[in-house]
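Student: Here are the chains, one letter per residue:
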Amino acid sequence: AQKITQTQPGMFVQEKEAVTLDCTYDTSDQSYGLFWYKQPSSGEMIFLIYQGSYDEQNATEGRYSLNFQKARKSANLVISASQLGDSAMYFCAMREGDTDKLIFGTGTRLQVFP
Amino acid sequence: GAVVSQHPSWVICKSGTSVKIECRSLDFQATTMFWYRQFPKQSLMLMATSNEGSKATYEQGVEKDKFLINHASLTLSTLTVTSAHPEDSSFYICSARDSGRKVSDQPQHFGDGTRLSIL
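Line by line, the protein sequences are chains Y and Z.
According to our numbering, the stretch in the first sequence is residues 1 to 114, in order.
According to our numbering, the stretch in the second sequence is residues 1001 to 1119, in order.
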């Protein structure tokens, strides 16, 4: 079974608009962490935001926020005020327990247009 | 912030050659590093966990003798693709976390990746 599911292979958004990228996860661990990474065409993986399973508040980092709904096992990324430079692949990932291993979703390609 | 350096960024070589890729943590120590492989338009697949001073732990289906991993110091892990063939062509990327801090405190930091093309 997929541990991390990203159902949107591609998304389009107009510059300055907000966009939500979906991510659902599956784990039986009580302790886990959820991450979002951005991968531009150049290939590097850029860390965006992190949510711990015990965190009560939704994580925010600048224009990025994570809509964490624990009961629904979802961790959607919200990008506000999209910029052309936000065009990239976005990966949701999960760390289970206290391990360092990350399991990645299949990614969503975001295209921001003027 | 934490930085992970990966070298080389691009390799083109003939079939049968062995290729070594280095992954360095520049401003922190990492007892564990990870090696991933990514095919075009696909996700990152974990290949192995590199453990400082001990043997690497390989994921199911990854050939240990094909992908040799050495983690000789707290800041350096190497992946050697032995006797590379065209099907080994891929994007290889490493990651590491500051071992001095709790797992829950911070994310993995990734190198910039290595594009390997075997002719």
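Honestly, the hints are just simulated from the structure, not real lab data.
This one's a predicted model, so the numbers in the text were calculated from it and none came from an experiment.
The reader is advised that the hints may include incorrect statements.
Cross-link-like lysine to any residue pairs, in silico, SDA-like; alpha carbons within 25 Å at most [as the list claims (entries may be wrong)]:
| hint | chain 1 | residue 1 | chain 2 | residue 2 |
| --- | --- | --- | --- | --- |
| 1 | Y | Lys-3 | Y | Gly-85 |
| 2 | Y | Lys-101 | Z | Pro-1086 |
| 3 | Z | Lys-1041 | Y | Gly-85 |
| 4 | Z | Lys-1041 | Y | Ser-82 |
| 5 | Y | Lys-101 | Z | Leu-1119 |
| 6 | Z | Lys-1064 | Z | Gln-1106 |
| 7 | Y | Lys-16 | Y | Tyr-50 |
| 8 | Z | Lys-1020 | Z | Lys-1102 |
| 9 | Z | Lys-1041 | Y | Ser-53 |
| 10 | Y | Lys-16 | Y | Pro-114 |
| 11 | Z | Lys-1020 | Z | Ser-1083 |
| 12 | Y | Lys-101 | Z | Lys-1014 |
| 13 | Z | Lys-1041 | Y | Asp-22 |
Student: Against the 25 Å threshold, does the CA-CA distance of Lys-101/Y and Lys-1014/Z hold or violate the hint?
Tutor: Violated. Lys-101/Y to Lys-1014/Z sits at ~33 Å, over the 25 Å cutoff.
Student: Please verify whether Lys-16/Y and Tyr-50/Y have alpha carbons no more than 25 Å apart.
Tutor: holds, 23 Å
Student: When you check the alpha-carbon spacing of Lys-1064/Z and Gln-1106/Z, does it fall within 25 Å?
Tutor: violated, 29 Å
Student: Would you check the hint for Lys-1041/Z and Gly-85/Y, treating anything up to 25 Å between C-alpha atoms as holding?
Tutor: holds, 19 Å
Student: Take the C-alpha atoms of Lys-101/Y and Pro-1086/Z, compute the straight-line distance between them, and say whether it is at most 25 Å.
Tutor: Distance of about 28 Å is beyond 25 Å: violated.
Student: Lys-1041/Z and Asp-22/Y: Cα distance at most 25 Å?
Tutor: Answer holds: Lys-1041/Z to Asp-22/Y is near 18 Å, not above 25 Å.
Student: Is Lys-1041/Z within 25 Å of Ser-53/Y, Cα to Cα?
Tutor: Roughly 29 Å separates the two Cα atoms, so the pair is violated.
Student: Below or equal to 25 Å on CA atoms is what counts here, so check Lys-16/Y against Pro-114/Y.
Tutor: At roughly 9 Å apart (the allowed maximum being 25 Å), Pro-114/Y and Lys-16/Y satisfy the hint.
Student: Would the hint linking Lys-1041/Z and Ser-82/Y be met if the CA-CA limit is 25 Å?
Tutor: holds, 23 Å
Student: Measure nothing beyond the straight line between the CA atoms of Lys-1020/Z and Lys-1102/Z; if it is 25 Å or shorter, mark the hint as holding.
Tutor: Not OK: Lys-1020/Z and Lys-1102/Z at ~30 Å, beyond 25 Å, violated.
Student: Check the hint pairing Lys-3/Y with Gly-85/Y against an upper bound of 25 Å on the C-alpha distance.
Tutor: violated, 29 Å
Student: Next pair to validate is Lys-1020/Z with Ser-1083/Z; report whether the Cα-Cα distance is within 25 Å.
Tutor: holds, 11 Å
Hint compliance for this structure: hints 1, 2, 5, 6, 8, 9 and 12 are not met, and every other hint is.
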